[in-house]
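Protein sequence lines, in the order shown, are assigned to chains A and B. Residue numbers for the first sequence follow the working numbering, so the first one is 1 and each next one is one higher. Residue numbers for the second sequence follow the working numbering, so the first one is 293 and each next one is one higher.
Derived from the structure by calculation, the hints contain no laboratory data. A hint or two may mislead.
Which bits of chain A does chain B cover? Going by a derived footprint, with three or more residues having C-beta under 8 Å, they are [said to hold, decoys possible]:
| id | stretch |
| --- | --- |
| 1 | 9–19 |
| 2 | 133–141 |
| 3 | 202–214 |
| 4 | 261–267 |
Per label pair, the in silico range of CB-to-CB distance [to be verified]:
| id | chain 1 | residue 1 | chain 2 | residue 2 | range |
| --- | --- | --- | --- | --- | --- |
| 5 | B | Thr432 | A | Gly118 | 34 to 42 Å |
| 6 | A | Asp111 | B | Tyr415 | 28 to 36 Å |
| 7 | A | Met134 | B | Thr432 | 44 to 52 Å |
| 8 | A | Ala154 | B | Thr552 | 26 to 34 Å |
Glycine included, every Cβ here is placed at the ideal spot set by N, Cα and C.
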Amino acid sequence: MSVESLAVELLSAMTTAGSLFIIAAGLTLVFGAMRIANIAHGSFYMYGAFLVSTIVSSFGGGAFWVSLVAAPLIVATLGMVVEVTVLRRVYDKDHLTQLLATYAVFLILADLAIRFWGAQSRAVPTPAILSGSMRLGAASFPVYDLFVVGAAAAIGLGLWILLRFTLLGWRILAAVEDSEMLAAKGTNVRLLYTMVFGLGALLAGFGGAVVAPLQSIDTGLDANIIVAAFIVVVIGGLGSVAGAAVGAMIVGLFQALGILWTPSWAPAYIYLAMIVVLEIRPSGLFGTAEMA
Amino acid sequence: MTQDLRDKGIAAALILLLGVTTLNGRALAEDAVTIGVSTTLSGSIAELGRTGLAGVQMAVDQLNATGGLLNKRIKVVSADDGASPANGASNVRHMILSDKAVAIFGPVSSAVGTAEETVAGQYKTLFVAFTSNDIKITTTNFNKYAFQVVPNTVMEPRAIAYYFAENVAPKAGGKRIKIATITPNYSYGRDTVEVFLKTLKELKVDFEVVAQEFPQLGATDYTSYISALLAAHPDYVFAGIYGGDLITFTKQAQGFNFFTQTHIMAPYGRQAMRALGTNIPDGAIAWDRAPFWAEKGPGFAEFLSSYHTKMNAWPSAWAIMGYSAVQAWAYAVKKAGSFEPEKVAAALSGATVSTIRGDITLRACDHQADVPEYVGVVSAQVHPQYGQPIYSQTVAIPASKTMITCEEAKKLQP
Numbered sequence: 001m002s003v004e005s006l007a008v009e010l011l012s013a014m015t016t017a018g019s020l021f022i023i024a025a026g027l028t029l030v031f032g033a034m035r036i037a038n039i040a041h042g043s044f045y046m047y048g049a050f051l052v053s054t055i056v057s058s059f060g061g062g063a064f065w066v067s068l069v070a071a072p073l074i075v076a077t078l079g080m081v082v083e084v085t086v087l088r089r090v091y092d093k094d095h096l097t098q099l100l101a102t103y104a105v106f107l108i109l110a111d112l113a114i115r116f117w118g119a120q121s122r123a124v125p126t127p128a129i130l131s132g133s134m135r136l137g138a139a140s141f142p143v144y145d146l147f148v149v150g151a152a153a154a155i156g157l158g159l160w161i162l163l164r165f166t167l168l169g170w171r172i173l174a175a176v177e178d179s180e181m182l183a184a185k186g187t188n189v190r191l192l193y194t195m196v197f198g199l200g201a202l203l204a205g206f207g208g209a210v211v212a213p214l215q216s217i218d219t220g221l222d223a224n225i226i227v228a229a230f231i232v233v234v235i236g237g238l239g240s241v242a243g244a245a246v247g248a249m250i251v252g253l254f255q256a257l258g259i260l261w262t263p264s265w266a267p268a269y270i271y272l273a274m275i276v277v278l279e280i281r282p283s284g285l286f287g288t289a290e291m292a
Numbered sequence: 293m294t295q296d297l298r299d300k301g302i303a304a305a306l307i308l309l310l311g312v313t314t315l316n317g318r319a320l321a322e323d324a325v326t327i328g329v330s331t332t333l334s335g336s337i338a339e340l341g342r343t344g345l346a347g348v349q350m351a352v353d354q355l356n357a358t359g360g361l362l363n364k365r366i367k368v369v370s371a372d373d374g375a376s377p378a379n380g381a382s383n384v385r386h387m388i389l390s391d392k393a394v395a396i397f398g399p400v401s402s403a404v405g406t407a408e409e410t411v412a413g414q415y416k417t418l419f420v421a422f423t424s425n426d427i428k429i430t431t432t433n434f435n436k437y438a439f440q441v442v443p444n445t446v447m448e449p450r451a452i453a454y455y456f457a458e459n460v461a462p463k464a465g466g467k468r469i470k471i472a473t474i475t476p477n478y479s480y481g482r483d484t485v486e487v488f489l490k491t492l493k494e495l496k497v498d499f500e501v502v503a504q505e506f507p508q509l510g511a512t513d514y515t516s517y518i519s520a521l522l523a524a525h526p527d528y529v530f531a532g533i534y535g536g537d538l539i540t541f542t543k544q545a546q547g548f549n550f551f552t553q554t555h556i557m558a559p560y561g562r563q564a565m566r567a568l569g570t571n572i573p574d575g576a577i578a579w580d581r582a583p584f585w586a587e588k589g590p591g592f593a594e595f596l597s598s599y600h601t602k603m604n605a606w607p608s609a610w611a612i613m614g615y616s617a618v619q620a621w622a623y624a625v626k627k628a629g630s631f632e633p634e635k636v637a638a639a640l641s642g643a644t645v646s647t648i649r650g651d652i653t654l655r656a657c658d659h660q661a662d663v664p665e666y667v668g669v670v671s672a673q674v675h676p677q678y679g680q681p682i683y684s685q686t687v688a689i690p691a692s693k694t695m696i697t698c699e700e701a702k703k704l705q706p
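Using the sequences and the accompanying hints, generate a full structural model.
Laid out in structure tokens, this is it:
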């Protein structure tokens, strides 16, 4: 295998990792702060992609950049509505009830998506300035894929700044540690939860919006992404954003190497990565064991 | 108005109302016969199931508009299987037991197809597969109530191999052709690629396989697969990826200049060509089980225009095959003079039926219809008549070249 091919393969792995990280970051944040495994996170991702396709098809290709901001904001609003109307009622219930509640939301949103957008596959054209490809010797690599990696890096940086340097971020981290203590200190935890859930939905919506030009947008996206996102979160450690970044890279690399070396077994590699990590660190790479 | 008149008015209204109700009641009791469609109506392959169901419904509407069948109105019940064999099986059981369905029209996924066939067989109910195309329906899983009107998992790859050997291989100028394959990681994907390569060998095509990839069905990210395929420097890539997956693969491959570095062969049909528009890879070798621009059977033109008027889109292969599946069933019901599945199955076995796809014969030995597979070359130009790209060349590979023999089928049947 030539050096160019290897470079392209590694860049491909980074693209996979980048798109997985954006969605996994929101999932892990919500789980960390609220202890809710949100199945409907996949629905938010799908709505992000569908909204981009609607905006672009109504206002033309130039509206892509607007949709990249508008779609996640609409999805974040939807997320906050879901939190206020559904999740608030199940915080004091056990994990299974919470899981069922988010699964119910997932099913409802999937049906509504078919009502709104129909079952036809949609495609969003790649924005003109990012549609070319970059040459690497004899090989080429899509410019848009680099944009996805860049967007993931920007999200990572943004989340780091948010969690490190802002009051909201400190409160989120405090909620991950001990939400009861936080409430006792006078923080409005209800409002905080709504904001965290909205942020999670925003990230899922952004993840869907960014990859919209790279995929067929249809009603199965929600289910197809949620399993991979959970694997990333479990590898990285539930609740850890840094873990989600490392987990996404591990999944991307394992998948790429699997495809290269033993293609017949490639789909098994990411599960293998998960098993190995859980065997060594049962709470994930960056996770801490949940205190009873 | 006097009391008397008002009373008379009320009485008249009551009589009218009662009359209408009893008429309706009688009508419902004696003239509706139910058929069931359990298919995938949600998720990434929903477009296949939904357009297929639309085809079945249009055929039924057409029958009802001309007096129904044996003086009975036909009613369609449908249910979503979510691409799960267990759901498909329970849908079919429910349709047969509660809705009294006399015939079941099949699903999208092959795995669901065999599950539905088995349940329908247990309850001695007719089963017609028109989208899923597993050869097991007519061989190892065969029962006498099951029929298949779609080119199966042997006919399709064989047809592509014939086309390749006749139209593509001679252009290699005696050089060994490097082939890579990418198909989804389940029975359809594995079987299709195996039969394709085996048939090329039988046809004495000089080739070697340089890479084989098996991504998950419904994968959202093909980038690593694409770079691995390109790293193997194939002359041709056999990509048996369907539905939204093929659109995703194509979009992601474009950024890698995939289509200038190698030639693709893939099932680009109505769905992909509509979604991708002029971004479809020009010159790709493609196949379709029933392309709307190539079908020319009796009544097809009328079907095409009424489908387009109703659905605001051209019919998919699944819609066309769904329509012809109902035509085949209706033919057998008329011939048998009964809806009784036992008699209908006997009438359909070995019958030649006139459909919008032309005459099709359902072989008596395995109930597989002798339908062609269409292979051709994609043109990225928007066709002036259809407003979307179609093929620049479409060749129908006849079933006579691709079907397994009756002896082979008999040997595999239980």
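Hint check:
1. Chain B is given as covering the stretch 9–19 of chain A, and this holds because 7 residues of the stretch bring a CB closer than 8 Å to a CB of that chain, at least three being needed.
2. Counting residues of the stretch 133–141 of chain A whose CB lies closer than 8 Å to any CB of chain B gives 4, which reaches the minimum of 3, so the coverage claim holds.
3. Given as covered by chain B, the stretch 202–214 of chain A passes the check, having 3 residues with a CB less than 8 Å from a CB of that chain where 3 are the minimum.
4. Evaluation of the coverage hint for the stretch 261–267 of chain A: fulfilled, as 4 residues show C-beta separations to chain B shorter than 8 Å, against a requirement of three.
5. The hinted window of 34 to 42 Å between Thr432/B and Gly118/A holds, with their beta carbons roughly 37 Å apart.
6. For the pair Asp111/A and Tyr415/B, the beta carbons lie near 30 Å from each other, so the given range of 28 to 36 Å is met.
7. Here the CB-CB span from Met134/A to Thr432/B is close to 50 Å, well matched to the stated 44 to 52 Å.
8. Under the hint 26 to 34 Å, the C-beta atoms of Ala154/A and Thr552/B, about 31 Å apart, fit the expected range.
In the structure shown, no violation is registered for any of the earlier numbered hints.
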